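Please construct the entire structure, taking both the sequences and the accompanying hints into account.
2 protein chains.
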Amino acid sequence: MRSPVQQYLESIVDQCNSGDGEVAAYIPELAAADPDQFALALATVDGHVYTVGNAETAYSIQSISKPFTYALALSDQGFEAVGRKVDVEPSGEAFNEISLASDTGRPKNPMINAGAITASSLVSGDSGIHRFTRVREWFGRFAGRALELDESVYTSEITTAHRNRAIAHMLREFDILEGDPEETLDQYIRQCAISVTTQDLSLMAATLANGGIQPTSGERVLEATYVERVLSVMATCGMYDSAGDWISSVGMPAKSGVSGGIIAVLPGQAGFAVFSPRLDPHGNSARGVQLCERMSGDMDMHMMHVGRMSNTAVRARYPLSELALRRARPEADQAVLDAHAEKTMIYELHGDLLFAGAEHVVRAVVNDAPDLAIIDVRKVDDVADVARVTLLGLRTMLREAGGEAAVVDPEGVMPDPDAGTQKASPYFDDLDSAVRWCEDELLRQHGREPAEERTLVDEHPLLRDLTPQARKVIDHHIEEVHYQAEDIVLEAGGKFAGVHLITSGTAIASVEGPGSSRVRLVTINPGTSFGELALGTEGVQETRVVAGSDLTVLRLSAEAIETITAEHPDVGLEMWQAMTRDAYRVADRALRSGITFG
Amino acid sequence: MRSPVQQYLESIVDQCNSGDGEVAAYIPELAAADPDQFALALATVDGHVYTVGNAETAYSIQSISKPFTYALALSDQGFEAVGRKVDVEPSGEAFNEISLASDTGRPKNPMINAGAITASSLVSGDSGIHRFTRVREWFGRFAGRALELDESVYTSEITTAHRNRAIAHMLREFDILEGDPEETLDQYIRQCAISVTTQDLSLMAATLANGGIQPTSGERVLEATYVERVLSVMATCGMYDSAGDWISSVGMPAKSGVSGGIIAVLPGQAGFAVFSPRLDPHGNSARGVQLCERMSGDMDMHMMHVGRMSNTAVRARYPLSELALRRARPEADQAVLDAHAEKTMIYELHGDLLFAGAEHVVRAVVNDAPDLAIIDVRKVDDVADVARVTLLGLRTMLREAGGEAAVVDPEGVMPDPDAGTQKASPYFDDLDSAVRWCEDELLRQHGREPAEERTLVDEHPLLRDLTPQARKVIDHHIEEVHYQAEDIVLEAGGKFAGVHLITSGTAIASVEGPGSSRVRLVTINPGTSFGELALGTEGVQETRVVAGSDLTVLRLSAEAIETITAEHPDVGLEMWQAMTRDAYRVADRALRSGITFG
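One line per chain: the protein sequences are A and B, in this order.
With UniProt numbering as the guide, the letters of the first sequence map in order to residues 1 to 598.
With UniProt numbering as the guide, the letters of the second sequence map in order to residues 1 to 598.
No incorrect hints appear here.
Restricting the straight-line Cα-Cα distance to at most 20 Å, the calculated cross-link-like pairs of lysine to any residue (SDA-like) are:
(1) A:379 - B:316
(2) B:379 - A:314
(3) B:379 - A:317
(4) B:379 - A:382
(5) B:343 - B:426
(6) A:379 - B:381
(7) B:343 - A:2
(8) B:379 - A:381
(9) B:379 - A:315
(10) A:379 - B:364
Per the computed footprint, the stretches of chain A lying under chain B, defined by three or more beta-carbons under 8 Å from a beta-carbon of chain B, are:
(11) 43-56
(12) 219-232
(13) 528-539
Over the 10 Å line for every Cβ pair with chain B, so calculated as not near, a few chain A residues:
(14) 24
(15) 146
(16) 156
(17) 423
(18) 427
(19) 444
(20) 470
None of these hints come from the bench; they were simulated from the model.
Remember, it's a predicted structure, so these values are computed and weren't measured experimentally.
Glycine included, C-beta positions come from ideal geometry on N, C-alpha and C.
This is the structure:
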C-alpha cells in the first residue's frame with residue numbers, strides 16, 4: 001500500500017516548484033551545483049524517514065552546522081561559560097554582518113557567523129584539528145552515521161574567506177576568541193564543509209525534535225535542557241534577517257545553509273530537511289522556504305498553534321460503585337462495599353501529563369473530595385516534572401483529609417519518591433489489585449473483618465439457595481484441597497476440573513499476553529469460585545489459575561458433578577439451576593464492565 | 001481540600017521575593033504606586049482562575065495593551081494591510097527606540113512604541129475616540145468584563161508624551177500614519193491607560209492560550225490564525241531588548257508593561273499574569289520576571305519543551321479476531337469470521353491528532369495492509385486539518401486495494417467530506433455496529449448469505465445439543481412472536497420473561513446512561529438469544545431490549561421453563577445444563593473483552 005503521507009509529500013513538491021533565486025557563486029564548488037537538484041526528507045521521532053527526490057545526494061552542510069556546533073559548545077562548557085562569549089538576542093541582520101555588541105564585543109547570537117565562529121572556539125579540544133574531529137563525530141551522532149569532510153569545498157572556502165577572517169580577528173581583538181584566530185577560522189571552515197545528505201539532515205533535525213535522542217540509534221546525544229536552548233535560538237535567529245517573517249509564517253525552529261539546505265524541527269513530532277540550491281535574497285533556499293511555508297500551513301505545524309491538550313488528561317472518572325465488579329467478593333461484603341463505594345474514586349489518566357493536564361486531575365479530585373482515590377496511569381505516556389510534583393501534592397492533600405491515593409503504574413511512569421519508606425503510597429500493577437486494596441480498606445473502615453477470617457462458602461450463589469437435602473448430597477462430594485503460593489491450580493488448555501470455592505487465600509487467573517508475558521485478569525478472593533467457566537468453552541480451561549498465597553479450596557470435581565447428576569437427578573437439577581443463575585450473574589457483570597459512557 | 005496547585009503558586013511567590021528594581025517614575029500616577037504590591041493569577045483554558053495576593057487591584061494596562069490592539073488591527077484589516085505598515089522582525093532594541101526601517105519608515109514590530117502606535121491607527125473607526133471605544137470594548141471581551149479608562153493616568157501621560165509625540169510625527173512623515181498624528185497619539189495614550197486587574201490580565205492571556213476563545217464566556221474573540229501571529233510576535237519581541245534572554249530562559253510568549261504587569265501564555269494550557277511594580281533596567285517587572293523563570297523551569301512550560309505526543313495516537317490496534325465477541329453471531333457464521341478475521345483491523349485512536357499522530361496511524365495501517373479497517377475516534381479530542389486529510393488519504397489507499405474503512409465517530413470529530421454521496425464511508429455511533437458491518441462484509445465476501453435468510457436457531461447452543469426427545473418437549477412450548485421496529489420487547493426492571501431466540505431481524509439492548517441518554521450495549525442478530533441474563537440478576541431484566549427492525553423471535557417463556565422442569569425433570573436437567581454452558585460461554589467472552597494488553 002502506498003502511504004498517503006508519501007503521496008502528500010510528493011504532491012506538495014509538485015506544487016511548490018519555484019524556480020526563483022540564484023545558486024551561491026562565491027566559490028566554484030557551490031557555483032557548479034545543478035540549480036534544479038531537489039530533495040525532501042521527513043524523519044519521524046521514531047526513526048521512519050520519508051523522502052522525495054534524491055535524498056542521498058551529498059553537499060556541504062554550511063550554516064546548518066551552526067546549531068549543532070552551538071549544541072556541542074553548550075554540552076562541553078555549560079550555559080554560563082558559553083553565555084559569557086555569545087548572546088542569544090535576535091540580530092535582525094544578515095548572516096554575514098559582523099554584529100558585535102559595541103561594549104563587550106560579544107556576538108549577538110550563535111546563528112550569525114561571528115557567533116558561530118565563537119561557538120566553534122568553545123568546543124573542547126587540544127587543537128583546531130582535534131576540535132574539528134570532535135565536531136565531525138558529533139554531527140555523525142545526530143545523523144546516525146559517520147560523516148566526512150568535503151576537501152574541495154574546504155580548500156576553496158579557506159582561500160576566499162576574507163570576511164570570516166576579518167570577523168575572527170575582530171573577535172580576537174575583543175578577547176572573545178582566545179588563542180590563534182586562524183586556527184579557529186580553519187576549524188570553522190572545515191565544519192561548514194562537512195558533507196551531508198538530505199536524509200542525514202532530516203535525522204539531525206529529528207534528533208532535536210525527539211528531545212536529543214537520535215531516533216534510529218536511540219542514543220541520547222544532547223541533554224534536553226540544551227535542546228530547548230538550541231531550538232529557541234533557531235526559532236528566533238535561524239533564518240537570518242527574515243527570522244521574524246519565518247516565525248510568523250512558518251513558526252518552526254529552523255536553520256538554512258548557503259548550499260541550499262534548510263532543516264526545520266517540529267518538537268515532539270518530526271524533523272524535516274529540504275535541499276534546493278537556488279537562494280532568495282536573504283540567502284535561504286527559495287524553493288525550500290516555499291515548501292516549509294506550505295507544509296506549516298497544511299499541517300498545523302506552527303509552534304503557536306493551539307491544540308486542546310489540557311482537556312484530555314482524565315480519560316475516565318467514576319466511583320468504585322460504578323466499576324463493574326468481576327466475581328470477586330462474597331455478597332455480604334459486597335453489600336458493605338455497595339453502601340460505601342461512592343467515596344472511592346477511580347481516575348484513569350492518559351496521554352502526556354503536562355501542567356494543564358495535572359491541574360485538571362487535581363481539580364477533579366478536589367471537587368470529588370474522595371476518601372480513597374485510585375490514580376490509574378497505565379495509559380499515560382510521559383509525566384512532566386510539574387505534573388509529578390502536582391500529583392504528589394494530591395496525595396498529601398488526601399492524607400491530610402484521612403484518605404489515601406493508590407496508584408496503578410506497572411511501568412513506573414510516575415515513581416513514588418517515598419518508595420520503600422513508611423510514607424510510600426500503595427502501588428499496583430493492575431487496576432484489579434488496586435481495587436482489592438481499596439475494598440479491603442473500606443471493609444476494615446466499616447467493621448468487616450478481612451474475608452480470610454470467616455467461612456464464606458455458605459454465602460456462595462452456587463450453594464446458598466440449595467435445599468438441605470441437595471446440600472447434603474453435594475457436601476458429601478466436596479473435597480478440601482490445599483495449595484502453596486505459586487502452585488498452579490489449573491493450567492490453560494486442561495479439561496474442566498470442577499468448581500473450586502475458596503475458603504482462604506487468593507488465586508490469580510491470567511492469560512498469555514504478547515510475547516511470553518502474562519496478563520493478570522483477576523484476583524479471586526475467599527467466598528468466590530473458579531474453574532466453572534470451562535463449561536462455557538467446550539469443557540476447556542482457558543486461563544491459568546495460580547495460588548496467590550497459601551490457598552484452601554472446596555472442590556466439587558467434574559466427576560462428582562457427573563455422578564450427582566446421574567445418581568440424584570433432582571439434586572442435579574437444583575445444582576444446574578444454581579450454576580445457570582451464577583453463570584448469568586457473572587456474565588451480566590462482565591458485560592456491564594464493557595460499557596463505556598465516554 | 002486545599003488544591004496543591006494553589007499551594008504550589010503560594011510557595012513560589014514566597015520564594016521569588018526579589019525586592020530589586022525601581023517603580024516607573026515618569027508620571028506621578030505610576031511613581032505613587034506602592035512598590036511592594038503583588039499579585040499572581042493563573043487562568044486555565046476552561047476558565048478556572050487561581051490567584052495569590054491581591055489580584056483585584058486595578059492599574060493601567062500600559063504596554064500589555066500592544067498585542068491586543070495588534071490583534072484588533074489584524075482582525076479589522078487582515079495580514080496584508082497591517083503588514084504594509086508594520087513589520088514582525090525582532091528589533092533587539094529598547095521599548096522606546098524609534099526604530100523605523102531606514103528605507104520604508106516601517107516600524108520593525110508592533111511591540112515597540114512606533115509599531116504599537118501604528119497598530120492603533122489601523123483599528124477601524126471614524127475618529128480617534130471611536131477607535132479607542134472599540135479598543136476598550138475589545139479588551140473587555142478578552143477579560144470577560146467591561147473595562148474603563150483611568151482618566152488621571154491618561155491626563156498625566158498625554159501632557160508628558162514627548163517621545164511618543166515625536167514618534168507619531170515621524171510616522172506621519174513616512175506616511176505610515178495617515179490623518180492627524182495627534183489624534184492617533186491621543187488614542188494610543190488612552191489605550192495604555194485602560195484600567196485592568198491581574199485577574200483580568202490572566203483571562204486575557206488565557207484567551208490567547210485557548211486559541212482565541214474566551215474561557216469564561218466561551219465567545220470566540222480572535223480567529224486562530226491571528227492568535228498564532230500575535231503569539232509569535234510576543235515570543236520574539238514581547239520583552240523589549242531582553243527578548244532573546246526571555247525566549248531562552250522562559251520560553252513563553254509574553255508581554256510586559258511599565259506599570260509592573262507581565263502576561264505569559266502557555267498555548268493550549270493556561271494564561272498567567274503577574275503584577276509587581278518594581279522594574280528591572282529593561283523596563284520589565286523584576287519580581288515578575290523572576291517568577292516567570294521559576295514557573296517555566298518548574299513546570300516544563302518552555303515552548304520548545306519536547307513531549308512525546310507522537311506515540312500516543314494509537315491507543316489499541318488489534319485484528320477482529322482478537323475482539324471479544326459479544327454473543328452476537330451464530331456459531332457457523334462465527335467459524336467463517338474466525339477464519340478470516342485476521343485481515344480486519346481495529347484501530348482505537350485517542351488524544352489530539354496532530355501530524356505525527358496521524359502519520360503513526362497511517363504507518364500502522366500501511367504495515368498491516370488490512371482488507372477492512374475500523375477507525376474508532378471516540379476518544380479523540382481534536383483532529384488537526386493535516387490529520388483529517390491524512391486519514392482521508394488512508395481511506396483512498398484502502399479502497400484502491402479493494403478494502404474499506406469504517407469509522408466509529410458518534411460526535412463527528414472527523415466528518416466525512418463525502419457524506420451523503422456514493423463515496424461516503426460507513427460511519428457508526430458505536431464499535432459494535434461497525435463490527436457488525438465489517439462482519440456482514442466478510443460473510444458476503446466469503447459466500448455466506450446474510451444471516452436473515454437462514455434458519456439459525458437450530459445452531460443455537462441452547463438447542464443444538466439436546467436429545468431429540470428433549471427438543472420435542474421444548475419445541476412444544478416454544479411460541480413465535482413478532483415485533484415491529486422500535487417496539488420494546490423487554491423493559492428494564494421487568495421480571496425474567498424467558499429465553500428469546502431471534503429468527504429474523506435484530507434487537508438492540510441498551511441501558512440508561514448519564515442524564516436521560518441511552519447507551520447501546522449490543523445489537524443482537526438472528527441465531528442468537530436474549531432475555532436469559534435476568535436469571536443472573538435475581539430474575540430482574542436489567543437492560544431494555546428494543547426491536548431494531550421487524551423482528552421475529554422464538555420465545556421459551558419463564559412459565560414454560562417452569563412447566564418443563566416440573567413435568568419433565570429429565571428434559572429440565574438437559575435444558576438447564578445447556579443454559580449453564582451457554583451462560584458460561586457468554587461470561588467467558590465478556591470477561592475476555594475486559595482484557596487490555598496495553
